[in-house]
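Engineer: Listed below, chain by chain, are the residues.
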Amino acid sequence: DAKTTQPNSMESNEEEPVHLPCNHSTISGTDYIHWYRQLPSQGPEYVIHGLTSNVNNRMASLAIAEDRKSSTLILHRATLRDAAVYYCILNMNRDDKIIFGKGTRLHILP
Amino acid sequence: SQTIHQWPATLVQPVGSPLSLECTVEGTSNPNLYWYRQAAGRGLQLLFYSVGIGQISSEVPQNLSASRPQDRQFILSSKKLLLSDSGFYLCAWSEFGVANYGYTFGSGTRLTVV
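Heads up: the sequence lines are chains C and F, in that order. Numbering follows my numbering, in which position 27 of the first sequence is assigned residue number 27; successive positions increment by one, without gaps. With positions in the second sequence counted from 1, the corresponding number in my numbering is that position plus 1000.
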């Protein structure tokens, strides 16, 4: 399985941008990059995904490196409600399952 | 719109008792269905997934089993619970495989085996 590497935890101040990095050096050409987040005592929720180009939605932006070996999830203005575990996952097109790593626990400081 | 229902929300069961957790999806057909478990303070572990009725793939050998008796129903069972079965159980579904579509998770069942 293609693997991802994320920092265990990060801190950010409220109302500031947050950049969450993810390395995926063994990504294959057809793997999509997905991001999910898990709030306390809840199931994960989808945040964003992309293949090659940068992506924006109402929740976040996804910046994908040109060689696709890394990506960054950008929260433009963090709020206390963004405190969660963020998972970066490679979706292997040849398989029907995705495996979650340990993710990054994001702490937001008021 | 599609919705996923998972119940019960919390469950306390004695060691050695049976288990049945149910998950149903509405608003879609032939979804891929998944069971995950999250032990306290740990990551998400994929237990089972199903791409169709009666088709179950097991990811981790254990005393749990899964069944898909109907297209949009996924059941997680155990004949005899162990203390180590405690955790947060999550059902999820996806459409048309996963590559270009995300997962939608249920609200989870917190199981405590005592």
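Bear in mind the hints are in silico, worked out from the structure with no lab data behind them. It is possible that part of the hints are untrue.
From the structure, some residues in chain F lie toward chain C, with a derived Cβ separation under 7 angstroms [what the hints assert, rightly or not]:
no., residue
1, 1027
2, 1087
3, 1090
4, 1105
If you want the footprint, here are the derived chain C segments under chain F, 3+ residues with CB under 8 angstroms [what the hints assert, rightly or not]:
no., segment
5, 40-49
6, 98-109
Negatives, chain C to chain F, calculated, CB over 12 angstroms [as the list claims (entries may be wrong)]:
no., residue
7, 7
8, 34
9, 91
No residue lacks a Cβ here, since even glycine has one placed at the ideal position from N, Cα and C.
Engineer: It remains to establish, for every hint, whether it holds in the given structure.
Structural biologist: Taking the hints in turn, this is what the structure says about them:
For residue 1027 of chain F, the interface hint is violated, since its Cβ never comes within 7 angstroms of a Cβ in chain C; the closest pair sits about 16 angstroms apart. Taken as an interface hint, residue 1087 of chain F does not check out: its beta carbon lies about 13 angstroms from the nearest beta carbon of chain C, beyond 7 angstroms. This hint holds: residue 1090 of chain F has a C-beta 5 angstroms from the nearest C-beta of chain C, less than the 7 angstroms allowed. Below 7 angstroms, beta-carbon pairs count as interface contacts, and residue 1105 of chain F has one with chain C at about 3 angstroms; its hint therefore holds.
Chain F is given as covering the segment 40-49 of chain C, and this holds because 7 residues of the stretch bring a CB closer than 8 angstroms to a CB of that chain, at least three being needed. Here the segment 98-109 of chain C counts 6 residues with a CB under 8 angstroms from a CB of chain F, which clears the bar of 3, and the coverage holds. Separation of residue 7 of chain C from chain F is adequate, the least Cβ-Cβ distance of about 14 angstroms exceeding the 12 angstroms criterion. Distance check on residue 34 of chain C: its Cβ comes as close as 6 angstroms (rounded) to a Cβ of chain F, failing to clear the 12 angstroms threshold; non-interface status is violated.
Residue 91 of chain C, annotated as away from the interface, has a beta carbon of chain F within 12 angstroms; the closest lies near 5 angstroms.
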